[in-house]
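*Asks:* This is what each chain is made of:
Number of protein chains: 2
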Amino acid sequence: MEVKNKYVAMKNHIDGAPNESDFSICEELLSVKLQPQASDDVHVLVQNLYISIDPGLINRMKTHSSTHTSIPEASALLPGQAIEGIGVGRVVDSRHPDFKAGDVVWGLLSWGEYCVVKAGVLLQKLDTSFGFPLSYYAGGVLGISGFTAYVGFFKVCKPKKGEKVFVSAACGSVGILVGQYAKMSGCYVVGCAGSKEKVDLLKEKIGFDDAFNYKEENDLSSTLQRYFPEGIDIYFDNVGGEMLEAAVENMNSSGRVAVCGVISEYTDSLRKAKLDMVQLIYKRIRIQGFISLDLMSIYQEFISTTTQYLQTGKIKAIEDISYGVESIPKAFLDIFRGNNIGKKVVRIVEGDHALH
Amino acid sequence: MEVKNKYVAMKNHIDGAPNESDFSICEELLSVKLQPQASDDVHVLVQNLYISIDPGLINRMKTHSSTHTSIPEASALLPGQAIEGIGVGRVVDSRHPDFKAGDVVWGLLSWGEYCVVKAGVLLQKLDTSFGFPLSYYAGGVLGISGFTAYVGFFKVCKPKKGEKVFVSAACGSVGILVGQYAKMSGCYVVGCAGSKEKVDLLKEKIGFDDAFNYKEENDLSSTLQRYFPEGIDIYFDNVGGEMLEAAVENMNSSGRVAVCGVISEYTDSLRKAKLDMVQLIYKRIRIQGFISLDLMSIYQEFISTTTQYLQTGKIKAIEDISYGVESIPKAFLDIFRGNNIGKKVVRIVEGDHALH
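Sequence order for the protein chains is A and B. UniProt numbering puts the first sequence at residues 1 to 356. UniProt numbering puts the second sequence at residues 1 to 356.
Misleading hints may appear alongside valid ones.
Partial list, computed: chain B residues near chain A (C-beta under 7 Å) [what the hints assert, rightly or not]:
| id | residue |
| --- | --- |
| 1 | 124 |
| 2 | 259 |
| 3 | 271 |
| 4 | 273 |
If you're looking for bench data, these hints aren't it; they were derived computationally from the structure. Fair warning: this is a prediction, and the values are worked out from it, not measured in the lab. Beta carbons: idealized from backbone N, C-alpha and C, even for Gly.
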């Protein structure tokens, strides 16, 4: 038996800002039974349920990028092929001993309705017994964004009670969780975002101590001085560029910068943070780039901790959901335009998520 | 009894490249007996023997600098007053219980013949029993440069055997020792310097695996690719600017940058390293500014280790010595012009270093 698989592919490599015309919706026929394979090439056929929309994926779409050799999950994407993306799905057929039909899994799936995941590619079974929406595991609070916030804040920033924390893109999927982890750690946390609506959400619903709209500010260094009269101890960077420069200007001695993402630099290779290295030395600042997937050893710790926080209401999950494979390109572009609030996820299948 | 104390002072704050006209040689009369003081303000009168010439001191000469509040040893210098500098001296008189006349000490002394060191300011007794020249302790291999190389390389870079190490300003007082520590750690080490003479010294006498003259290179990123076909694991940065950018371009995954000094940026506040933050993330690069004086807890470890290395000939001390207080301003300017080879030290007293 065959199913029609609709998926999104790049028409071409994308080296600047992405446009809807860079993508096409393709269709193929896919057998729902996998063929026997050599044992070192065992595959799993997955029906995608939710796909996480992550801005860092733009780096995999470039002709050349240092990301392509950094981790298997970030290798170069090829025009015409289904774009890979983190998501949640259900196993339809499996030649891999660890998975069987019906398993709910998360891992590196595709911007499509179905995908074949090869051995060695990120794929893990999900414990769905807590009753949270599956979207939480796709890319949000219990998915890659949550894990990235957890790893970056606790393991890279190493917060201490009372420290002053600044988060950029604070209404994005990672930033909104970093702020909540920071509050739970007894830190003072200020976020920046790109609209009044986002700023209000951060202050009134999410529990940030303060927040500001960076689009209304002219001199980011003075802005940060206003919001952090006692200086910044931790900067969780999701944007790079001038905001990073301004944060370094306002950092305290022994300050830490976790560089999680630099969305302002992804689509403009000439835009780079010009850092004041003299301050870096005398303030003993540490700037650390990181990839959360390196720390899969603490994935279970993250899941149990964050599950508890969600159950007791200490953490709020904010999601921004689109529907259907066709909506993926726009969902991706929306992130670069700042149109999302919280985690951007695309729901692929309607209804109860069973395979029909 | 009074002595004449000749010292160097700034005529004015220095906010760009320093010139000889920024400094003046002053004289004052100083009593060789200290007056009784309140117990919380106990002083030590020191006759300076050797003064270390350190480029970072330029930051203390600026009107405004983030350095001024970073550590007591880096507070703003004031025009007209004797410039403070690390050095070795002999105690002439002491009101402090830890020091007595005749003690040989190192610490924050002055660009002069004598200085009065207040309680709380860096001052330590020296064990001179190994018979090394006292200049070694002033700022060189057993002094602040050696300590900085030791702290920065072993504690900040955390080298592993076989790693590829790049050192800039490799013929400077810190770089020349980092290269030797790196070789002893089983690393492959390449240095850059500003003349053929320096490059030859690094390769033929000091034991660097390779070295190049950066002034003969047009595209530093390609240069580093040539010298590190397998990439850089550790960059010990003494210069900042374009060299730091090129090093980040050529770094391997989990690369570490110890930012020790940024001499190319000290005298030009507009010159900043424009870092590729995308590479920083995907290559998980750590950039760490540091001040060696923060780690005084390992000072004795450094002294015993390095003393042994010197005794067994595993480390060579390269010094560049000038004579007399009058020579200090030129010695300082020479560092910015790249005229020194190895540690720049000024010998203040002729002869056997006794107080006459």
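*Asks:* Now look at each hint and say whether the structure bears it out.
*Replies:* Hints, verified against the model:
Interface restraint check: residue 124 of chain B against chain A, minimum CB-CB distance 22 Å, threshold 7 Å, status violated. Checking residue 259 of chain B against chain A by beta carbon gives a least distance of about 5 Å; that is within 7 Å, so the hint holds. Hint on residue 271 of chain B is violated. Least Cβ distance to chain A is approximately 9 Å, over the 7 Å limit. For the restraint placing residue 273 of chain B at the interface with chain A, the shortest Cβ-Cβ distance is roughly 6 Å, inside the 7 Å limit, so the hint holds.
Of the numbered hints stated above, those contradicted by the structure are hints 1, 3, listed in ascending order.
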